[in-house]
Every structure is written in structure tokens, then in C-alpha cells.
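J.: Read off the chains here:
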Amino acid sequence: MKLLTHNMLTSHVKGVTKGYPLLIKATEVKVNEVEFNPEFVSRMIPKLEWSALVQAAEGLGHLQDLPGDLVPDYDKNEDFLKKVHRVLLEVEVIEGCLQCPESGREFPISRGVPNMLLNEDEV
Amino acid sequence: MAAPTGRTCLQYLLHLAQDNLDFRLPEIRALLSLRGKPFQPGQNFKEKSPFWCLDGLSEEDVHNIMARSVCAKSAFELWGHGRTHSELRTSLLKYPSENMSPFMQQDSTYRINVYTFNKTLEFADRIKRIDAMEYLPFEGTVSLKSPQHIFCLLEDYGSDPNNIPEDPLYIYFGRWVADGQRELIRSHSVKNRHFIGNTSMDAGLSFIMANHAKVKENDFVFDPFVGTGSLLIACSHFGAYVCGTDIDYNTIHGKGRSSRKNQKWRGPDENIRANLRQYGTEKSYLDVMVCDASKPVWRDAALFDAIITDPPYGIRESTRRTGSHKDVTKPPDDFCGESHVPVSMAYHLSDIFSDLLNFSAHHLLLGGRLVYWLPVHRPEYCEEMVPLHPCLRLISNCEQTLSSHTSRRLITMEKIKEPEESDALAHLADPRFSPYQGHNAFREKYFSGLNKRGGKEDNAFTINGESLDE
Chain V
1 MKLLTHNMLT SHVKGVTKGY PLLIKATEVK VNEVEFNPEF VSRMIPKLEW SALVQAAEGL
61 GHLQDLPGDL VPDYDKNEDF LKKVHRVLLE VEVIEGCLQC PESGREFPIS RGVPNMLLNE
121 DEV
Chain Y
124 MAAPTGRTCL QYLLHLAQDN LDFRLPEIRA LLSLRGKPFQ PGQNFKEKSP FWCLDGLSEE
184 DVHNIMARSV CAKSAFELWG HGRTHSELRT SLLKYPSENM SPFMQQDSTY RINVYTFNKT
244 LEFADRIKRI DAMEYLPFEG TVSLKSPQHI FCLLEDYGSD PNNIPEDPLY IYFGRWVADG
304 QRELIRSHSV KNRHFIGNTS MDAGLSFIMA NHAKVKENDF VFDPFVGTGS LLIACSHFGA
364 YVCGTDIDYN TIHGKGRSSR KNQKWRGPDE NIRANLRQYG TEKSYLDVMV CDASKPVWRD
424 AALFDAIITD PPYGIRESTR RTGSHKDVTK PPDDFCGESH VPVSMAYHLS DIFSDLLNFS
484 AHHLLLGGRL VYWLPVHRPE YCEEMVPLHP CLRLISNCEQ TLSSHTSRRL ITMEKIKEPE
544 ESDALAHLAD PRFSPYQGHN AFREKYFSGL NKRGGKEDNA FTINGESLDE
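Here the protein sequences line up with chains V and Y, keeping their order.
For the first sequence, counting from 1, position 112 maps to 112 in my numbering; every step adds exactly one.
Here my numbering runs 123 ahead of the position in the second sequence, where the first position is 1.
A hint or two may mislead.
Below, in silico cross-link-like pairs of lysine-lysine (BS3-like), each with a Cα-Cα straight-line distance of 25 Å or less [as the list claims (entries may be wrong)]:
| # | chain 1 | residue 1 | chain 2 | residue 2 |
| --- | --- | --- | --- | --- |
| 1 | Y | Lys251 | Y | Lys268 |
| 2 | V | Lys76 | Y | Lys339 |
| 3 | V | Lys47 | Y | Lys251 |
| 4 | V | Lys2 | Y | Lys418 |
| 5 | V | Lys47 | V | Lys18 |
| 6 | Y | Lys339 | V | Lys47 |
No lab work stands behind these hints: they were computed from the structure.
Note that this is a predicted model, so its numbers are computed, not measured.
Just chain Y, with the same shape it has in the complex:
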């Protein structure tokens, strides 16, 4: 277990928050990838568990991951583990003392925390457990206020809140290394943000998206459906420089009706730039423009390190693009240019995604990532519906349920090759490259599910699992 060179084959324990379960592994993998490290779980890895053991990492790797992760609560240098306190003790006594001693010095201070997952422990029981650890060679003094070293005993009581066992199913003991960035969920909450819209992305998910996209310092990031800039805020927090476009003139200029309950109109300091200023990242602000994502204005070159976006689903904000179904006519003579919003026509959802993938294939740097939300009608969903592109590799697909019949999936893709002439026609040759057709009129499906309660999708054909139809 111990390497003669010292501390390189230590195991680290991640304690993760039990929300956005699907999003955690891609986040941790992406952050490991930023360090050039693969994801190496220990034995008996269970993705849904709040506890993950990782191999092959240095302490510096762990600090870097925890400096970014919103899914991970804390990280520990794992000293021992087992199914019972007896197994834990055996495991701990096997841990090399030379790995323990730097943190057990006589002139140092420490404290031991006890954490129980899925169980509440009485104070007295906590103390009992701390006292039971005295077989370890602690030489220093206990300091509850600001100890130099923090140790943690973590007990896992399973995942069923209605069936909590008397004894833990698994126990870990380790030295605390770092906490994750969950504080960002509170500090960057949309509730306290200067400028918001009806569909501003929740802070936690914005940071998760920035992590999935492997955004790093000095990256150049673009959002083609920027809205109020929630995703750009997260990217700028990680040191990227940001640019966004949106077809909605009022949102880009920070005008129009407020999305806040007690406020009718937006104030003068409500725009994307002001949001970045609020969080101290105004230097990251490049530009925002009023632009139709289906008619890009960028020169044909690989420009962006990442494209991160939440395209409209057509429910709370409409999907639209410039152009008209009617015969084309000239604008009226008194048309005075700038504030005119050109006639919008329905931007079919399938086109949004094929345009987005195509745009990304042309304008991402090689190795750069596209991260976007794909709205899904659950009863019809199958994996083959996720749009593909010959220049982009699918990295992850994480579902967030919105209702019984709708959800959205966070899709992450990575550019693996430069586009060639033939790629433009790929979608004609291979139906997999435009599989999303069936999701057109997502808006209708979304509302039809709400209106027809107890309708088709509630499976009126069975009682107690038995089919009435023979």
C-alpha cells in the first residue's frame, strides 16, 4: 500500500452532495481531465453513493478539483475504511505511520469531526465515536476553534431514509484536505443577482456546466443564446473571457419588463455587464450582441475554447429567428432602423440543434467543448435522438427531470476534428445526424401533457399492473 517514494499512491475520499446525481461523474471527470488525470475509482465504486474513493491522484490534484467542483462537498486523504468499526481499526493500524506522523506532531492542534449520512446522531454518541479513535497516535492538542489539522470519521447509513440501520453500512476515516465550491450556489444565487430573466440558469447548474465544458483561465467562451448571462457569469468566475449573443434586443440591452415579482420595469444597472461587475469579473466581459444564432456573424475560423448555452425550448421564451414565412416585402417607408425587431418565424427545435452542432464544429478550437441543454419529451426519448456530428464526440448526457413527461438533458460534446466539405452533407446521408426531428413542437407536447391530466401517458390500460387489454 505505501510507496517507498512516499505519498503518491494514497487514496482520496470525495464526499459528494446528493443532488444532480447524474451530473456528478461528468463534472469530476472533466475536472480530472483538466489535470491530465484519469478517473480511477477504488474497488466497490457506486456512482449513486455520496462517497467516492479515488486512486492515482496527488494532493495538488485534489486541491485543484475541489477549487472547482460544485458537486463535491469535501475531500479527505483516506487513512482507513471498513464495514464495521473493528474493520476500520484494522485498516487504520495498517496505514503507514510515516504517512500519519506529519499531522500528529506534538506541537500541532487538531480536531475530529463525525459525519453520518442518512442518520442523525446524538451529541453523546458523537463524543463516544471520537473517543474510540484514541488508538491512533494523536500527539497534538485538541482545538475546536481553529485546528491545524482536521480529521473526519464518516459513517454511511445507506440511501433509504425510511429504513435506517442501527449500524453503519460503511465507515471511513481520513484527514480533511479541502472543501468544494458549493458556497457559490448561495453567493451567486439568482435571487440576489442584479439582472435576471424568466429563464436565468440556476447558479449551481451554471457552474456545473462550466465544469463540464472544462472552462479554464484565459479561455474564450461564447454563448449564442446568452439571455441574461448566467452561464457567462460562471465561466468568468473560472477566469474565462466571455462573449454572448441573443436575438432579443431588450434582454441584451437590459430593457423591458422585469422578471422580479415587485418590480415592473428593469432599472439602469440591469444588464450582463453589470452582472459581471456585481461578482467582480468585469474584466472578463468582452461583448454582447443582438444576433440571430441561425445566421452567425463570425468569420470562418476556430475561435472559441468553449461554447456553453441554454437554447430556448419554446415554452417560457419563444424560439424564433429572422425571416418570414410570408412573401418577402420591403419594410415600410417610415421604418427607422435600429429598434425594429425583424419578423420572427418559428425556429424548429431540431434546426436549433443541428445549427448549434454545425456552428460548434466550425468555430470551436480542436479539443474545445460544446455544452448545451436538450429538451426531451420523456415518453418518446431514446438515446438515438441526441444529435450527433462527425466532428464532435459525445462526452456525456445528463438528465434533469422537469415534470413527469418532460426533462432536459445536459449534453457535452468535444471537437475531435476539423470540418471537411463532406461533413456538411453528413446529415443527409445518415439519419443519426438529425435524429431530433420527432421533437419538433416540443412546446405542444409540453402543454398537452399538462392539459390532459390522467390522459394517455398515465397508462389507463392497467390496474395493479395487469393489462386490461388482451
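So here's chain V without its partners, still in its complex pose:
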């Protein structure tokens, strides 16, 4: 699971109102090289909740030098976009789980794939 996706996911456990962001508990994380595409990164930035991204990267130990706040005029700042690219697309959680911050319910991640299915009694 990439952090770009994680940034957009929320807990859908019945009754939960503050289900975002999901906490990441990772037991295996990989960093893969992905071709840098500044236009794509620029387009995704407006969709992100920046603080949730920083929090997630930090939790995985992959924050490095990603700024705590969005940089102005980021679409022309290639250095900044490269840092965002790495965190959004190159860091992947392979094993672990996502945890609902309100209910504590855990959604497993295996082979890089989150399983978001709820059980019959949670629906």
C-alpha cells in the first residue's frame, strides 16, 4: 500500500465519525524506485491532507526531509516534488495493518494489499 492511497482512506466502521486518518502499523516496508513524474505529483498535492501524509511517513520512519507544511509554488519546485514523490509513490507497506483511530478495528495488509472488508456483525 502506498502512502498516496493511505492518505485518501478512511475508516467505515459503523458508527465511527472520526475515522481519518487510519493509523499504520507496519511490520514490513519496502522502498521501490518509481519513475519521477513532476506533473503527476503536482496534480495530486491538492488532493492530499498534508499533515496526515507527514504523520504517516514519520510513523514508518521515512519522513526524511519532507517539510511539515506545503511549500508555496510547489509545482515549480522540483526538489520538493521529488521528496513528495518518494513518500507518496516509492514507500510501500507490504505487511501490517491499518487501524481505525476511533474504534481500534484493524484492517490487515498482506503482500502490499489492504483488506478493508468488515464482518457481517460490523455492517
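The hints should help you fit chain Y onto chain V, whose structure is shown.
T.: Only chain Y this time, still in chain V's reference frame:
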């Protein structure tokens, strides 16, 4: 006809393949829309014809459209046309010579192709026709192998293979500009794909869907019933970044029984990511997740440029969602989480579509498109059955017949406004917003038609068109 500024009011001729007829116009319109251009057909436009004349385009527009279209075979800069060779000649002699001369230079090479639609021509007759074009000021040398310029004489012998006229009904002559992307149908064929399922979408239709959705480079595309990822492959080919979800754990993880004839189980390299890798677009892969489309996991924001999907029809793959009809009970004590597939209950077809439209209204960017297949029981179908939503405008509805009594329709919708509180209740107020109710139990109708051969729908009440019932 000629503009003093030169080449801006040239006509272009598209030669289209004669399959998926209904899907062609929406595809070309969508691709024109990506260029900000309207669809401007020439006079006597016939949608079912393999030849379309388009106005108002630049050569660059045409190159861009042909770089995407799977419906169009080739495009030509139209120099002349007519119902007979005599009319063609008159038309060609009227075409401004300054528009011809850049391609007729003495030091250049060229060849002339002859194409006949609905007729086979003997070699000798082809040569005769090529020779007959000598009234044009060709100065260059003929090169059959790799000419700099290719010209084409196209003859239309109508659409009835059982009644081929002696002379063509219409003739065109033009300079070849570009070919379409029909090669993708072969190169991305499901036959050669690493990872497939029972319902993997045929390559041609996947690319048509990506075009209907106006997918473009750097778009973020989502498929909520992703299966083996056929639609994502097409989108990634056009430069989009892709994400998909599916309720089926085995399909998402690439496990379980193979859909191939001589193979029992799926191998280790069979999953969606591997498919993208096979076609060189792994960089476009974002994520896949095991997820119930009726219980979305996305935060409430406009996220996607396009949503492209083939929801289950309940025939070869079942429709299901999590939850139980029975009283809710806790899972057994030895329940060990992850690989458990929660009990599924029937996901009524009408709910799939109203959920999908509602999801799209909330999560598409403004101007973004939803493209999906709607299964239809033909005897009962009427246009009013196509689900609507106040935030989405219906762009096109193309039918693909599956059997005498069933078909599926490719529906394209575009988000035109952000959802408001009142929209959630729209379907209660207006029956048009959940008109699909009658299609519940599509599965039963599909199989009932197959089992009752010569039954109700074969119209046992008439002989030779006359009703026996008075």
C-alpha cells in the same frame, strides 16, 4: 474552400473499422473533446458508414485523435471526392495546388494505395485506377517500400455484401496522415496476458472505454470492480495512474483457480501489478485493495479524474456484498481474521448502479467521467431505465448485444455539479433516479431466456407476421 491563411479549413477523412458501430461516435467525440474541438461532420454524414469527413480540425488534432482511437483505422487529408471518378477528378482539380505542392516535390518519394470497401479488386484493376490518377501533378518518384508520402484512393461499394454494385457509390482521394491504434487489440489481447479471469474485458473494448472516459496522462483513475485489471491496463497505456478494488480476495491477490484451459491454479506472477509490468506501465500502478464497493473506504472528497468499471451482472461472477440476511452473530472463536471472506448477500443490481452513481457524484472531480456497463434484458429495455443522478450528465449509451434477449450498454456520464444534501434524497422524489428496479434478478432473466427456447419471447402468436390472436 482554401483559406488565405493556408491549411486551417481542410477536411479530414476518417476510415473507421466496421465493428462496435455504436461506440465509434462517442469515442471520436470524446477524443475531439480532449482537444477542445467539437465534432463537425461534413455534408451527407452517415454514422454507420466507414467513411467520415470532419471539418474544423488541424493536422495536429488528427494526429492526436489517431494516437488514441481504436475505432478509426486511418485518417487522410481529403483532397477530393465524388460519386464517380469524373466527379472526383473535378473535385481534385479544384483543390488548391499550393496545398498539394509540398507533397509533390520532385525530390520526394510517394506511393498511391487503392482501398475498396465491400469489394475485392483484381490487381490489374488496382493498377488501372492508380494510373488514372496521373492528371494530378505528381513530380516525385514512386517508392513502394518506404515512401515519404502516401496517397489513397478509397472506393465505397455500400454496405450490402450480397449486393455489390459494379461501380462505387462514392470515392475519396487524400493524403495519408496517420493510422489508429487497432494494433492494441492484438498487442494487448487477453489471450497473451499473464493474469486473466472469467470476465476479463476484451482489449478493444477496454481501450474504447478509456477513450469514452477521456482518460489522459497523469489522471488518477479508479475501478471499484477491478477483477483482473483489464480496464486499468488500458488507462495506464494512456498515461493515467490507476487504482482498483474488488470484493474477491483471491482475484485481488492473484490466487485460486486459473481461467485458462490447460492450467489448474494461478502462478506466482499472476496479479494486476504483473499485468501492468507485462505492458511496461508498472509505474502507473498505485494500489489494489480488497473492498466492498457498497461500503466505500474513501474520504469524502473529489479524488478521481475518472471511474471506469464493469460491475458484476450476476451471471459468470456473482454479485455480492458484505452483510447477512440472517440475524447478526459474532464470528466463531477460532476465526483468524484475514483470509476470512465475510458472508455475502445478494447485491441487487439496481443498488449496484445507484451506489455507483452516488459514489461517482461524490468522488469524481468536476468534469470527470464515469464509464460503466449496464446489463439489459432487451425485451423490457427502455431508455428511461438508464439510471440518472442530479450531479451527472448522461453523455452516451452504446449497446453491445450479448444474445437475442440480453445485451449490455456502455454508459458514459460526466460530473456537472457537486452533490448537495438534497441530492441524496433525489431518488426518493423522482422515480427516474432509480429506474433500474425492473432489472433485479437479471440473472434469472438471462437464464430463463436460454432455457425456454421458442418460449414467450419468440413470439409464438404470429405466423408470417399476421397475428393469430384477434
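J.: Verify the proposed pairing of lysine 47 of chain V with lysine 251 of chain Y, using a straight-line Cα cut of 25 Å.
T.: violated, 63 Å
J.: Regarding the pair lysine 251 of chain Y and lysine 268 of chain Y, is the alpha-carbon distance no greater than 25 Å?
T.: holds, 20 Å
J.: For lysine 2 of chain V and lysine 418 of chain Y, compute the direct alpha-carbon distance and say whether it is at most 25 Å.
T.: Holds - the C-alpha atoms of lysine 418 of chain Y and lysine 2 of chain V are around 21 Å apart, at most 25 Å.
J.: Hint check: lysine 76 of chain V vs lysine 339 of chain Y, CA-CA at most 25 Å. Holds or violated?
T.: holds, 21 Å
J.: Could you grab the alpha-carbon distance between lysine 339 of chain Y and lysine 47 of chain V and see if it respects the 25 Å cut-off?
T.: holds, 18 Å
J.: Below or equal to 25 Å on CA atoms is what counts here, so check lysine 47 of chain V against lysine 18 of chain V.
T.: Between lysine 47 of chain V and lysine 18 of chain V the Cα gap is close to 19 Å, so the pair holds against 25 Å.
Against the hints set out earlier in the document, a violation occurs for number 3 only.
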